[in-house]
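If you read the protein sequences in the order shown, they are chains G and Z. Each residue of the first sequence is one higher than the one before, starting from 1 at the first, in this note's numbering. Each residue of the second sequence is one higher than the one before, starting from 395 at the first, in this note's numbering.
It cannot be assumed that every hint is accurate.
Unchecked claim - Here are some chain G residues pointing at chain Z (derived, C-beta under 8 Å):
| id | residue |
| --- | --- |
| 1 | Asp8 |
| 2 | Leu14 |
| 3 | Ser22 |
| 4 | Gln25 |
| 5 | Met44 |
| 6 | Leu49 |
| 7 | Arg59 |
| 8 | Lys189 |
| 9 | Gln193 |
| 10 | Ile195 |
| 11 | Asp223 |
Honestly, the hints are just simulated from the structure, not real lab data. The beta-carbon is built from N, C-alpha and C at its ideal position, and this holds for glycine as well.
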Amino acid sequence: MSELDEWDPEALLLDYSAGKISPAQERVLFAAAAADQDLFDQLMEAEALRNALNFPGERQRASAVLQAWDLRNASIPPPIPEPVAYARLRGGSQRHPPALWADLLRSVISTVATALVLRLCYAGIMVMGSALVNPPVQPGGASDAGSSPIPSILHLVHAAIAALLLGIQFTPFFKPQEITERDHPIARKCLAQFIAGWRWAWAAWLALYCWLWVYGSPGGRPDVVADILNCLTAFPLFWCFFVLDKPSVSVPGNPERNAAFRKAIGTIWGIGAGAAVLAVAGHLHLWGLNEFGLVFMGIYDGLAIAFLVGRFDSHWMKVPRWMLAPLYGYALIQMIWVFFFRLPPAWQVYSYLVALLFKVCLFLVVTHLLHAGNLRRYLEAAEDGKLGPQGEAA
Amino acid sequence: MLRMLPVRAVDAEDEQYHKHLGIVRERILNYVRRRLAPHRADFSQAEDIAQSSVVALWEQYPQKRELAEMVRIAIGVARHKIAQFHKDREKLPHIPDAAELWQLNPHSGERLVEQMAAREHTDRLLLALLRLPARCRELLTLKLIEQKSYAEIRSITGISGNIYEMARRCFQALLRNAGGMI
Chain G
1 MSELDEWDPE
11 ALLLDYSAGK
21 ISPAQERVLF
31 AAAAADQDLF
41 DQLMEAEALR
51 NALNFPGERQ
61 RASAVLQAWD
71 LRNASIPPPI
81 PEPVAYARLR
91 GGSQRHPPAL
101 WADLLRSVIS
111 TVATALVLRL
121 CYAGIMVMGS
131 ALVNPPVQPG
141 GASDAGSSPI
151 PSILHLVHAA
161 IAALLLGIQF
171 TPFFKPQEIT
181 ERDHPIARKC
191 LAQFIAGWRW
201 AWAAWLALYC
211 WLWVYGSPGG
221 RPDVVADILN
231 CLTAFPLFWC
241 FFVLDKPSVS
251 VPGNPERNAA
261 FRKAIGTIWG
271 IGAGAAVLAV
281 AGHLHLWGLN
291 EFGLVFMGIY
301 DGLAIAFLVG
311 RFDSHWMKVP
321 RWMLAPLYGY
331 ALIQMIWVFF
341 FRLPPAWQVY
351 SYLVALLFKV
361 CLFLVVTHLL
371 HAGNLRRYLE
381 AAEDGKLGPQ
391 GEAA
Chain Z
395 MLRMLPVRAV
405 DAEDEQYHKH
415 LGIVRERILN
425 YVRRRLAPHR
435 ADFSQAEDIA
445 QSSVVALWEQ
455 YPQKRELAEM
465 VRIAIGVARH
475 KIAQFHKDRE
485 KLPHIPDAAE
495 LWQLNPHSGE
505 RLVEQMAARE
515 HTDRLLLALL
525 RLPARCRELL
535 TLKLIEQKSY
545 AEIRSITGIS
555 GNIYEMARRC
565 FQALLRNAGG
575 MI
């Protein structure tokens, strides 16, 4: 850094705010502000700061408060840092032979436990599902082409659970932790946006399963309305993702702060509408398309959940890692949902039950994030600029 | 009714002066527009503030003709006008003004109002500072509160990189945290 940089107007701005600037430097700063609107704006803000600190006693008071703060924090022992899961490239190997055996044993136990647990899950789903599968068509019997392998009671159960989980969000139970307007006004608005999107997703799910219950199409194939409703469940999940991913709130002095968010939302809405049009066209065999057109909507739905769950991967959220597995699994199921009617009847019922289970998992995770305050901490940290790559002023 | 500036410049020096007034007015206008946008104030109010600030500059400080000096004075005037605008808009009848306090205590009334404002601004500065990452807080505390030079800060903190760039980023974050000091 050369000496000239001390005369850079941006550096002089701090000297000016501190009340320690020479007349020559001051002239350079104000002349630069006349030509640079951003610098002028900062100078307007800095002027209030400078006046306050130059007032007799205020600088001493500020210094005393900051020292007291540092002393108080110093008296609290620093938390023992948790081991960070970064890959180590070399060195520091303190491994002893017993650790290797322990790792191998852990792997074997995991294999056996996984096989057993999955077998038990399969048995459980079989027991529940086989009782619900419609009886197969008897040769020579009455035609059963009009019936779906998924009984309507299962759609009703799905809709009832969606209604229950949506209704809970409007009760005092598991109420989300609030963010104070004074300390984190941006985070507070972000949280409201997230909750709105989350409720919208559940309302859309409720509508979808009510529709399937009342108007379930023959043969178990998703109809046009179900295609559109399914698409409408994905968009609010993308909304929630973008609230966590981009600056979604405008602030005084920067009304365009949320421009990237608005662009992303507009684009993703357009993509969703396009995928829905293709799905409907495929369903109706228009434009030379067949049911394969539905695959785009499946991808759209699956990606919505995958993107959102990807955000929950943040260590600020503190979601148990194992809990992410069913959520990503739900994203995968969304992608194949449109092809359910191609599966054997029993498989359709089993997959439907698993999807219901994963959906409840998703609800529990998000409700926990809201109620326990993990999401609040994440949004506050984002507003404080602590989520940037360097952990400094972002 | 706002007063207008004289339209005709007499000579080259006057012409330059009016050009400077125009620059100052544009800077204030852009700043006020940005500040008032969230308050749903219409742009004519921003025009009023900018115009009255420049008129005050022209009427009360006619001898100040250097651009840097004009900007320095204009910033103080515009801050006062913006504060007045907010006060008028919020219609806070129970907050006494300087004259009222002066009547209560003729020796300290006006100073008391300034002290209240300074105290409020310092509190906002402290809250904004405490919300910064530790490294930024340390740098800005040394710079703003303890009035250290960049060289002194470098030796105290051991910052080896571009300290000016880091200070600039930290200061911008501080102003963001403060949510506007005026």
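Verification of the supplied hints:
no. : hint   : in the structure
1   : Asp8   : holds (6 Å)
2   : Leu14  : holds (5 Å)
3   : Ser22  : violated (12 Å)
4   : Gln25  : violated (11 Å)
5   : Met44  : holds (6 Å)
6   : Leu49  : holds (6 Å)
7   : Arg59  : holds (6 Å)
8   : Lys189 : violated (12 Å)
9   : Gln193 : violated (17 Å)
10  : Ile195 : violated (22 Å)
11  : Asp223 : violated (46 Å)
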